[in-house]
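First to last, the protein sequences are chains U and V. Residues in the first sequence are numbered consecutively from 1, following my numbering. Residues in the second sequence are numbered consecutively from 1, following my numbering.
These aren't lab readings, by the way, just hints derived from the structure by calculation. Glycine included, every Cβ here is placed at the ideal spot set by N, Cα and C. Incorrect hints may appear among the rest.
Said to hold, decoys possible - 30 Å max Cα-Cα, derived DSS-like pairs, lysine-lysine:
{"#": "1", "chain 1": "V", "residue 1": "Lys73", "chain 2": "V", "residue 2": "Lys45"}
{"#": "2", "chain 1": "U", "residue 1": "Lys73", "chain 2": "V", "residue 2": "Lys172"}
{"#": "3", "chain 1": "V", "residue 1": "Lys43", "chain 2": "U", "residue 2": "Lys90"}
{"#": "4", "chain 1": "U", "residue 1": "Lys73", "chain 2": "V", "residue 2": "Lys174"}
{"#": "5", "chain 1": "U", "residue 1": "Lys73", "chain 2": "U", "residue 2": "Lys90"}
{"#": "6", "chain 1": "U", "residue 1": "Lys90", "chain 2": "U", "residue 2": "Lys33"}
{"#": "7", "chain 1": "V", "residue 1": "Lys153", "chain 2": "V", "residue 2": "Lys174"}
{"#": "8", "chain 1": "V", "residue 1": "Lys172", "chain 2": "V", "residue 2": "Lys153"}
{"#": "9", "chain 1": "V", "residue 1": "Lys43", "chain 2": "U", "residue 2": "Lys311"}
{"#": "10", "chain 1": "U", "residue 1": "Lys33", "chain 2": "U", "residue 2": "Lys73"}
{"#": "11", "chain 1": "V", "residue 1": "Lys73", "chain 2": "V", "residue 2": "Lys43"}
What the hints assert, rightly or not - What follows is a list of derived Cβ distance ranges for each label pair:
{"#": "12", "chain 1": "V", "residue 1": "Pro213", "chain 2": "U", "residue 2": "Ile74", "range": "37 to 43 Å"}
{"#": "13", "chain 1": "V", "residue 1": "Thr205", "chain 2": "U", "residue 2": "Ile117", "range": "43 to 49 Å"}
{"#": "14", "chain 1": "U", "residue 1": "Lys33", "chain 2": "V", "residue 2": "Thr50", "range": "45 to 51 Å"}
{"#": "15", "chain 1": "U", "residue 1": "Phe46", "chain 2": "V", "residue 2": "Ser84", "range": "45 to 51 Å"}
{"#": "16", "chain 1": "U", "residue 1": "Gly25", "chain 2": "V", "residue 2": "Ala27", "range": "37 to 43 Å"}
{"#": "17", "chain 1": "U", "residue 1": "Gly78", "chain 2": "V", "residue 2": "Arg15", "range": "42 to 48 Å"}
{"#": "18", "chain 1": "V", "residue 1": "Pro6", "chain 2": "U", "residue 2": "Thr64", "range": "25 to 31 Å"}
{"#": "19", "chain 1": "V", "residue 1": "Glu214", "chain 2": "U", "residue 2": "Phe46", "range": "41 to 47 Å"}
{"#": "20", "chain 1": "U", "residue 1": "Glu291", "chain 2": "V", "residue 2": "Arg69", "range": "21 to 27 Å"}
{"#": "21", "chain 1": "U", "residue 1": "Glu291", "chain 2": "V", "residue 2": "Val182", "range": "31 to 37 Å"}
{"#": "22", "chain 1": "V", "residue 1": "Gly147", "chain 2": "U", "residue 2": "Pro212", "range": "17 to 23 Å"}
{"#": "23", "chain 1": "U", "residue 1": "Ile244", "chain 2": "V", "residue 2": "Arg208", "range": "40 to 46 Å"}
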Amino acid sequence: MSGVQVGNRVIGADAPVTVGWENIGRVEGGPFKQFFFTYFQPVMLFAAVAFWYYAPNSLAVASTAFIVGIGFKILLLGLEWVNPRYESWKLTWKEFATDLFYVGLGFTVLRMADSYIGADVMIEFVQGVFDWDKFSWFTALPLLVQALAISMIFDFGQYWMHRGMHNWYPLWLTHAPHHYITQLNINKGAIGNPVELILIGLGVGGFFDFLPRAFLLAGAIGLTVAVYQHINVRFNTPGWWRYIFNTVEHHSVHHSQDYEATRSNYSATWIIWDRIFGTCVDGEAEVLGMEGGRRMDIRETMHFPFSEGYKSTKAWLQERFGQPTEQRQEPAE
Amino acid sequence: MTINLPFFDAIWRARGAMVIDEEMAPATAFERLDPMFQLHGTKYKVDGDTLTYTKDNPTPQDKLATFTRGSLKVERQSGQTAVSYDVRSHALLYCFLAPLLFLGFAGLALGLNAIDPPDPKGKDETEESAEADEEPQQLHWIDQMLGAPAPDKPEEKDSEEGAEESDKDEVKPKHSPTSAYVLAGIFFLIYCVGRFLEPLLLRRTLRRALTDPEWRLPANPSDRRDVVTPTFAKPEE
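Working from the sequences, and respecting the hints, build out all of it.
What follows is the structure in structure tokens.
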């Protein structure tokens, strides 16, 4: 397979990746279906922003965001059923149960761990170190400006953390299990080693003391944009959306079995970070995963960073101080 | 010594039989089912009229991904074929046990709350000092013009929320077990659905594979790679 030249790189040399918007699939069906799956994403984004902008204070609270988030995900699961992007990505009972297990970890034991070692502690520490009153000018800005800034700053942090995970072996070990998924579904974002899930939460946006409403607005942007990166739904996403926001097309390229393609599209919400830093590849892929599509089970996902790290360290030590042994797993960085 | 635990067995085992309106030899039937056993991590053995298989961590695209071990028996009858199956599912077993794990997490949350209770005195002090310094945040004039609701003033907040809270004089625990209880219930529900649905889907898959010449397994993406040689693809004949 020859692949396609994108900048200095060749994409799709190892596994099939469609590069460019011209060749990707379109929604098949009548005018209503075409209309629905063309405008669903923008309408939901603007509806969410309008809701959080105008909701009375009694409703503009985190618990509302939680309930809306769950309801929206149930709706998206319905869309996956009605209009799947690929038949080979169709959600099965076993995959749904497995995905929900990881989601459940996030809502229970990881949340507990986070309060001791995760983002909550970091935010408390950073807020205590600096005099944040100097940033009070920020909270005087219009709400939407604050919300956009929060969303973009947080995503900027996630971009570099994610890029770091693909370029520094110890971080890669925590992220690798997430790349063993062989299909995308709405809850696949939760799949991964818990260490990674704690690390990815360490964005920089949370360090600022924003107005709660602006923070909820930023969350609404995240919910109605980033949520689509792991979804098995065929959309006719508008061109302007694809230019500024991350999409399932971008993220499927990132999850493809092609090594070079996995080193692209790192952002969660704002693909313009990838465009700015030269890591964006517009396109899509169906064949996903690592090691030829080997599925990683829950048990291996839990111990992979530690067992693989132990093996790599042992191999490195033996290489340096003793006889060489087996090489570490590729692709790593 | 064998221990007979029928109720335990029913958690993860599915057995049944069906009749196909076409007489076929076991070898013919197994040939039609063959694509399901040429996938990643599958080992199988045919012994006369019985096929025994195991699947090690199959991909989601594998139609037998839920039932990872078992046997199929094919018997010719007059003008018909009887197919019986006896299969087991680790996924069903783990899903059955998952509520216990989440109940354990709920217990952990309660335990951590007992070990590390929130400090009501300290919290009140910090809240009071913060509120004393806090001035009501003014909205930007653009937001005022567009009609966004202004933030509540501290005294309004106190009158709405504070009264109830001060009556109770309770401090919110650090960890809530509620989500763990909800997830335990959800996994019990998922188990019930799976225990009912998955054997039905298995029967449908077997029937289609045996009777519909047009039916084929949904293409496993990994089988369609044209650079890396699949280790589990059906060898070319």
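Going through the hints against the structure:
no., hint, verdict
1, V:Lys73 - V:Lys45, "holds, 12 Å"
2, U:Lys73 - V:Lys172, "holds, 28 Å"
3, V:Lys43 - U:Lys90, "holds, 25 Å"
4, U:Lys73 - V:Lys174, "holds, 27 Å"
5, U:Lys73 - U:Lys90, "holds, 16 Å"
6, U:Lys90 - U:Lys33, "holds, 19 Å"
7, V:Lys153 - V:Lys174, "holds, 27 Å"
8, V:Lys172 - V:Lys153, "holds, 23 Å"
9, V:Lys43 - U:Lys311, "holds, 28 Å"
10, U:Lys33 - U:Lys73, "holds, 20 Å"
11, V:Lys73 - V:Lys43, "holds, 17 Å"
12, V:Pro213 - U:Ile74: 37 to 43 Å, "holds, 38 Å"
13, V:Thr205 - U:Ile117: 43 to 49 Å, "holds, 45 Å"
14, U:Lys33 - V:Thr50: 45 to 51 Å, "holds, 47 Å"
15, U:Phe46 - V:Ser84: 45 to 51 Å, "violated, 57 Å"
16, U:Gly25 - V:Ala27: 37 to 43 Å, "holds, 40 Å"
17, U:Gly78 - V:Arg15: 42 to 48 Å, "violated, 33 Å"
18, V:Pro6 - U:Thr64: 25 to 31 Å, "violated, 48 Å"
19, V:Glu214 - U:Phe46: 41 to 47 Å, "holds, 45 Å"
20, U:Glu291 - V:Arg69: 21 to 27 Å, "holds, 23 Å"
21, U:Glu291 - V:Val182: 31 to 37 Å, "holds, 36 Å"
22, V:Gly147 - U:Pro212: 17 to 23 Å, "holds, 18 Å"
23, U:Ile244 - V:Arg208: 40 to 46 Å, "holds, 45 Å"
Hint compliance for this structure: hints 15, 17, 18 are not met, and every other hint is.
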